[in-house]
Amino acid sequence: MLFSSSSVYFLALVSLERAFAVLRPIRHRITNGRVYIYSIVIVWVVGLVFFGFTVLSFHLSKLKGGYVLAASRISLLISILIICTSYLSIRTRLRATSSATVDNHKKGSKEHNLRLAKTLYITIASSLVFWMPGFVVYSTRGFCPSCFSAPQVFWLVEALYLANSMVNPLVYSFRMQIFKDALNRFRRKRRQKAETLHIRDLRQKDMPTSTYISLVVIYSVQAIIIIVGNTFTIFVFWTQRSRLKRTYLLLINLAVADLLVGITELIVIGTFKSHDLGKGILLLNRSNFSAAFTLFFSSTSVYFLALVSLERAFAVLRPIRHRITNRRVYIYSIVIVWAIALVFFVLFMLSLYYPEVNGVYVFVTGRTSLLISILIICTSYLRIRARLRTPSPAEIDNHKHRSREHNLRLSKTLYIAIASSLVFWMPAYLVFSTKGFCPGCFSAPVVIWLVEALYLANSMVNPLVYSFRMQIFKDVLKKFRRKRRQNINAIQQT
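Under the numbering used here, the first residue of the sequence shown is numbered 1, with each subsequent residue one higher.
To be clear, the hints were calculated from the coordinates, so they are not data collected in a lab.
The beta carbon of each residue, even a glycine, is placed where N, CA and C say it ideally should be.
Some hints could be false.
Said to hold, decoys possible - Here are the computed lysine-lysine pairs in the DSS-like style, where the Cα-Cα straight-line distance is at most 30 Å:
no., residue 1, residue 2
1, K245, K474
2, K118, K180
3, K474, K412
4, K189, K435
5, K479, K435
6, K245, K483
7, K245, K412
What the hints assert, rightly or not - Across the chosen pairs, the derived CB separations fall in these ranges:
no., residue 1, residue 2, range
8, P319, L156, 53 to 61 Å
9, A444, R188, 39 to 47 Å
10, R318, A419, 40 to 48 Å
11, I263, S210, 25 to 33 Å
12, S146, K189, 52 to 60 Å
13, I263, T379, 27 to 35 Å
14, S149, R318, 53 to 61 Å
15, R187, R318, 33 to 41 Å
Please work from the sequences and hints to get the whole structure.
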């Protein structure tokens, strides 16, 4: 009781101090520090007095406990009234701030006082929200012992009573810059320590140079396949764009994003030197700038997978509206996807070079956007699957049956391509998301190598699926084979 009551008294004292700072800023600045010390002493003395009377009422029958309870509850009620009056006065002053006051040379100090007053107002209001149920219940039971007799009420009130003392640090952490700066320093120190230990552990392991050379060869082959496969995909979709109509715009941009993943990875591999491999530096320990570009293009690829899923669901579920949709809608959608990926890329780069940009928030926001993309993909293809199981007779028997069948075949093919991409991409998403919060997790080099290889395979799998599933790819491949045979026959005849 002593400490919880003292907490409320201090809330009232803080409210008075903030009202004094906002309403009388000049006097507040010249107030002696001893006034604050005397105020703190008085608050503790008042709390101790009520505590002493409460203890005496338990042991001395002459001292009536009802009067002590009533006096202490009245003091707490007065504290609440002081808090409400103080912040009503602050609110009135905020609404009626004169332009002369805003434009004078003390504007910075006044703005600081107002921001601090708002933060403390949120803190005190949150504390009172949790504290008030306990105040009402225990005050009522002091005069009506049979009221609120259910045990569940006491459990709930006790939990809220404790939460009153827990909420203040949480509000400070989200509202006060000094708390944010301290948390950022703790995160940076923790991350630096974890990275130092991680690099030390990796360097202590005696890994042969041949292992690293093998990894470079594997990653290089994957990057080359990505570049060749997606270049071929862009060529096929562009030459056959009349058969795919507007969908080819999305598929071409998806292939461009995957192509850039392969090019970026090949550039990163090319920057490694032979003596770096001999020192045993993992391929994952690349420069931040290169990692940002890889993240940019791979994230764009996932966003385009989500966009393609939405377009396929729209084509299957609303075929008539899909046919009359303007091409500009597709162009705007493509621009929005690239813009979103570019925004996250810029934020990621800023978080690397400017400590003012909180890297944790950027990381969490980027991972959340990718998770939303996965949910969009899953939801879209679940709707398509449900529609495939229950086709309407009107759609099957009308003259647009061929167009509907084409949409369904294309949707199945793209579903296989997207599902395959996610199978390869998901392990890297889980591992790197976990390492963002726990740098020491998944520290085994084999896990990182496997995840990196699967991450690259995500951009490699789409052209392979297209080649086995889409007729236009089969036709183009047949043309290449015929031309190759004709060239071989022509050389043999000569």
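Problem - Hint numbers not upheld by this structure, sorted from lowest to highest - result: 5, 9, 10, 15
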